[in-house]
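First to last, the sequence lines map onto chains A and B. To get my numbering, take the position in the first sequence, counting from 1, and add 1046. To get my numbering, take the position in the second sequence, counting from 1, and add 526.
Derived by calculation from the structure, the hints in this document are not laboratory data. No residue lacks a Cβ here, since even glycine has one placed at the ideal position from N, Cα and C. Honestly, I wouldn't trust all of these hints.
Claimed, not checked - Reference listing, derived: stretches of chain B covered by chain A, where coverage requires no fewer than 3 residues with Cβ under 8 Å from a Cβ of chain A:
hint: 1; region: 689 to 696
hint: 2; region: 704 to 710
Said to hold, decoys possible - Computed Cβ-Cβ distance ranges for the label pairs, DEER-style:
hint: 3; chain 1: A; residue 1: 1294; chain 2: B; residue 2: 657; range: 15 to 23 Å
hint: 4; chain 1: A; residue 1: 1262; chain 2: B; residue 2: 667; range: 46 to 54 Å
hint: 5; chain 1: B; residue 1: 613; chain 2: A; residue 2: 1323; range: 40 to 48 Å
hint: 6; chain 1: B; residue 1: 613; chain 2: A; residue 2: 1996; range: 51 to 59 Å
hint: 7; chain 1: B; residue 1: 657; chain 2: A; residue 2: 1262; range: 40 to 48 Å
hint: 8; chain 1: A; residue 1: 1248; chain 2: B; residue 2: 667; range: 34 to 42 Å
hint: 9; chain 1: B; residue 1: 538; chain 2: A; residue 2: 1643; range: 26 to 34 Å
hint: 10; chain 1: A; residue 1: 1996; chain 2: B; residue 2: 538; range: 51 to 59 Å
hint: 11; chain 1: B; residue 1: 536; chain 2: A; residue 2: 1841; range: 26 to 34 Å
hint: 12; chain 1: B; residue 1: 529; chain 2: A; residue 2: 2037; range: 43 to 51 Å
hint: 13; chain 1: B; residue 1: 580; chain 2: A; residue 2: 1530; range: 29 to 37 Å
hint: 14; chain 1: B; residue 1: 678; chain 2: A; residue 2: 1488; range: 42 to 50 Å
hint: 15; chain 1: B; residue 1: 580; chain 2: A; residue 2: 1296; range: 21 to 29 Å
As the list claims (entries may be wrong) - Just a few of them, taken from the derived set where beta-carbon distance is under 8 Å, the chain A residues facing chain B:
hint: 16; residue: 1209
hint: 17; residue: 1210
hint: 18; residue: 1313
hint: 19; residue: 1315
hint: 20; residue: 1321
hint: 21; residue: 1647
hint: 22; residue: 1654
hint: 23; residue: 1656
hint: 24; residue: 1658
hint: 25; residue: 1720
hint: 26; residue: 1870
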Amino acid sequence: MSTRLAKGGRLIDRSTAQGFTFNGRHMKGFAGDTLAAALLANDQMLVGRSFKYHRPRGVVASGPEEPNALVNLGTAARLEPNQRATVTELFDGLEAASQNHWPSLDFDVGVLNNYAARMLPAGFYYKTFIHPRPFWKHMFEPVIRQSAGLGRAPKDRDADRYEQAYAHCDVLVIGGGIAGLQAALVAGRAGRRLWLIEQASHWGGRAPVDGLSINGQPADAWVAATVAELSSLPNVTLRLRCTGAGVYDHGYVLADERVADHTPGDGRPKHRLWRLRAGRIVTATGAIERPLSFAGNDIPGVMLAGAVRDFVVNFAVSPGDRTVVVTNNDDAYRTAIALKQAGLDVPVIVDARARADGVLPQAARAMGIRVETGRAIAKVKGGKRVTGVALCLQAGEGAVQEEVACDAVAMSGGWSPVVHLWSHCGGKLTWDDAQVCFRPDPAQPPITHDGSAMVIAAGAANGVLDEAGLLADATAAGAAAAGIAAPEAPGVDNPTAPATEPVWIMPQGAPVALRSKMWLDYQNDVKVSDVQLAAREGYESVEHTKRYTTLGMATDQGKLSNINGLAVLSQALNEAIPQVGTTTFRPPYTPVTLGALAGEARGEIFQPLRRTPIHGWHEDQGAYFEPVGLWRRPYCFPRAGESHEKAVHREILNVRQNVGLLDASTLGKIIVRGPDAGRFLDMLYTGVMSSLPVGKCRYGLMCNENGFLIDDGVVARIDDQTFLCHTTTGGADRIHAHMEDWLQCEWWDWQVFTANVTEQYAQVAVVGPKARALLEKLGGMDVSKEALPFMTFADGTLGGFPVRAYRISFSGELSYEIAVPASHGLAFWQACLAAGADLGLMPYGTEALHVLRAEKGFIMIGDETDGTVIPQDLGLGWAISKKKADYLGKRGQERSFLTDPDRWRLVGLETLDGSVIPDGAYAVDAGVNPNGQRNVQGRVTSTYFSPTLGRGIAMGLIRRGPERMGETVEFPKVGGGSVMARIVDPVFHDKDGEKQNV
Amino acid sequence: MSEPASALGHATFDGFASIREIGPLGMITLRARPDTPGLAQAVHRALGLEMPAVRRIVRQGDRAVGWMAPDEWLLILPYAQVGDTLDRLREALGAAHHLAVDVSDARAVFRIEGPKAAEVLMKLTPADLSALAPGELRRSRAAQVACAFWADEAGFTLVSFRSVAGYVMGLLGHSAQAGSALFPS
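Generate coordinates for the entire structure from the input sequences, incorporating the hints supplied.
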């Protein structure tokens, strides 16, 4: 059984006990433990179930590469699924639960899949669930989805806060092991603005565990001294618990800092996503140990040799009294030595190599450890934990020579440099035959803006797996990043070299019965036999094999399985490993929680909410809002007990009968000024603006170069050189950019300046037969028909406010739009409300605005237009100048398709039964198209119930519409039935426009 | 007439830095080509300040002139003096092609103060604050919206559009929350 040793543990503080629960069971650990260490200390070897076969799973690694020990961490608003126990720092009160089992971890029904494994080979889903076709959607997929997935998705709103931050540096070093520290020291001493980040909660990486000595000091002491010096440099920033997640173009790096994972609820942000911009990036990300493929290598208790060493040395956790070490390299001997030194038993070191004569094997033999070379594990014995191993010859087919009882197996298949960050942005790899690994190809680095190397790999991450050259490589990397000559490097006093030999299957001639028990991907249950089957079925590309077998597609993204899998594939295809190649390394290196990616963007500040100066008043009135771009505009102002529909009807009738007040502040307002302003606007609008007299207003249409209508609005001429162009609410920024685009890129010699003054003014529409009476009560300027006729404006004061009053109407009623400085907007609105109290004044919202304009046949950009409509389609030929030589869109509108007399054109639609045509309905025509769908001859663009007329009204685009007045067209409804409508003039109310002109 | 109201009524937030919404400040957008004859004299006559260099802001008391773009400057002055200043400016520039408009009400202005004020902005703007030159007016963004800011002895002044004042205040408050300093001392 696994347990806590009486002594040792360089990272734990035995004086601080911490209580936690696993599946509701209370357990105890120490400050400094990871959850995995604490679970093992409590003899919790079984920590989860695999994805497909629900096989028992135990801790296999000690770092972020862990595929098995995934837990649901926390509860309710702090529940996080798929958290790796090996990188979860223990804290008092931690609650963890295992995943992917039912009804319990120890007894799991899903394990039945395991016994049916023979029937569930690679590609099982693709092969089985393809016929009959409809079964997939209605039967197979729902059932498979039920049983898929590992952790539970949280249901509660996340209780924690997250943030992002930007930082800039000359050199970013990722990885705080001895290579990263040395590279940082070199660049830091050279005065470069430097960041050094490390994913773990401590510095130094593996070196202290491996017992290295540097310049005569134990690694721990060297690390402490180096960190102390770096901390003292003002140009250096150090961050622990900060993972380099992704490397992108131009030195952009995402780093995920786990600020408060280990101190939940202390008020600090849980994670902080750093968005770093670095001149040069040094990846000192170390290496990850590979498992060996032998039968039963997934049974809990089989662990990576380096992980066993970490648990013993760092946390004083013993994986069991007797640990068999199995290896193809010298490095694993360190584990045997560490176990022995901790007073534990190593019955045998099984070394697949023919010879093992390095420093470490010699040391192991000297300690009396039995070493068997040329031998392999035929199979591991045990179910939910290891009970022993059967040994055989590596060269043979697995005939058992001997059985050895043990509690754990420490395996090492060699080390793979962590090349992920090097590869994210295009760095290429080269296969190193001597060291049996892919390593960065220094001739093909990811490059930055000037073609130089953006990323420099250092130490083990650069493929320097022997300690003799490690610090020299790191020194060179730091110097290269800093742009200086490399200073003298410190040396490792007791270097070793792993002397790895390629061993991909153990034993090499294993029959299928053994190969189908050799796990490559522990989480997704991909075995050696699955990859071999895929190869036989023609999956030659490693990318295809990955997707077919799901190898490396688990949450660990194949950190343990990829190299082993592609080696097996290359053997099956009889090709060299570099010819098969790797799958693509994509960010993030380890999972980044969605909260960190969202950062501050949630709740109230999820996205910018634009508010007019009067917005708060609308809220206080209980207005029902609708989004219009990033604004929220009142849709209507319902009274107590009133439905939205009723409120809209009331507001409309009140505008027609009394007077209404609309917050029109969101309308775009752009000042255009200069000697060429008139000429400029003549090009932008389809009509003529240069002839507009000072003090007058004119409605204009704007098209893009293709001729399609993009915006409309009223233009006012302020003075000889100055115009104010109103745009739609959504058009303000877009049209301002459109203007600047033409002025800066095409007509740069025209003397025109523009300014977007949309937000400078609150604009209040005062609309209805009593509008003038209201303004006269406010007093201050003459708003009579004579002084301020329709389509004019005047500057003055109303109720003491400085205003510009426009006589324009979007409703067909007597109407003024009053612009006041935004800082006075709310006060002016309230002054209007007070003055209008006895005139029947009511505020109205956007829905009433829409219906009012539809009753008058006024078009709305976005309703009557959709980017494919030209003004001529809308009967707006009157607003297009025939005299002008050119305007934006003129040539476009002359294209044959746009002059086709069969185009759908705007008409009014009056339902025969008075009902309302459904929004978006199409008018059907005789016959069907080649797809068997009904032919269509038009569609509805705006459709409302008109309270003024007491019936449904609509506008629509109908083929040759204006030529077909009085004809009836049919609009089918969703769910059956049709609405019949007569084609009529789009102006339903006050056709002669007498009401607006009083 | 009522007193001019700032967008948020001088809202404040205190965390590891303090946030205040101030204003409204008088602001004038002046657009002209930099070689416009009499431009510097006109600005001097209107505000008593020299023209700033590219990406700089010249400040004196409650007045300032900031460089916004190759043909655009931002004039800052007391709110009540905007009308007279605009008149003086237009008169001085005369027939020279220019555009001068009052944008005082279109903006919201914030102060971020305290020794760690920069750490609040570091969470919101991709601009490299440590590379901010003395007297630099930096146009950038704060999370999802446009902003401009400059530093002084006590902290930063940040200008955004008025309609998003609530959003910007939310951002600043979130970023200045106690305990969330980027470099806790």
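Report task. Identify whether the interface hint at residue 1647(A) stands, where standing means a beta carbon of chain B within less than 8 Å of its own. Result -> 7 Å, holds
Query raised in the report: Regarding residue 657(B) and residue 1262(A), is the given constraint of 40 to 48 Å on their beta-carbon distance met?
Result: Cβ of residue 657(B) to Cβ of residue 1262(A): about 41 Å, so the range 40 to 48 Å holds.
Report task. Verify the interface restraint on residue 1656(A): the C-beta must sit less than 8 Å from at least one C-beta of chain B. Result -> Residue 1656(A) check passes; min Cβ-Cβ to chain B is 4 Å, inside 8 Å.
Report task. Given the range 40 to 48 Å, decide if the beta-carbon distance of residue 613(B) to residue 1323(A) lies inside it. Result -> 46 Å, holds
**Report entry** Hint check, residue 1315(A) versus chain B [nearest Cβ-Cβ separation less than 8 Å]
**Finding:** 5 Å, holds
Query raised in the report: Is it true that residue 1996(A) and residue 538(B) lie within 51 to 59 Å of each other by Cβ?
Result: 53 Å, holds
Query raised in the report: Going by Cβ atoms only, is residue 1658(A) closer than 8 Å to chain B?
Result: 7 Å, holds
Query raised in the report: Hint check: is the beta carbon of residue 1209(A) less than 8 Å from a beta carbon of chain B?
Result: 6 Å, holds
Requested in this report: Kindly confirm whether 34 to 42 Å is satisfied by the beta carbon distance between residue 1248(A) and residue 667(B).
Outcome: Given about 37 Å between the Cβ atoms, the range holds.
Query - Outcome for the supplied range 15 to 23 Å, where the beta carbon pair is residue 1294(A) and residue 657(B) - result: 21 Å, holds
Query raised in the report: Does 46 to 54 Å hold as the CB distance between residue 1262(A) and residue 667(B), or does it fail?
Result: 52 Å, holds
Requested in this report: So, residue 1210(A) near chain B? Judge it on the closest CB pair being under 8 Å.
Outcome: Check passed: Cβ of residue 1210(A) comes within 6 Å of chain B, closer than 8 Å.
Hint violations for this structure: none, all hints satisfied.
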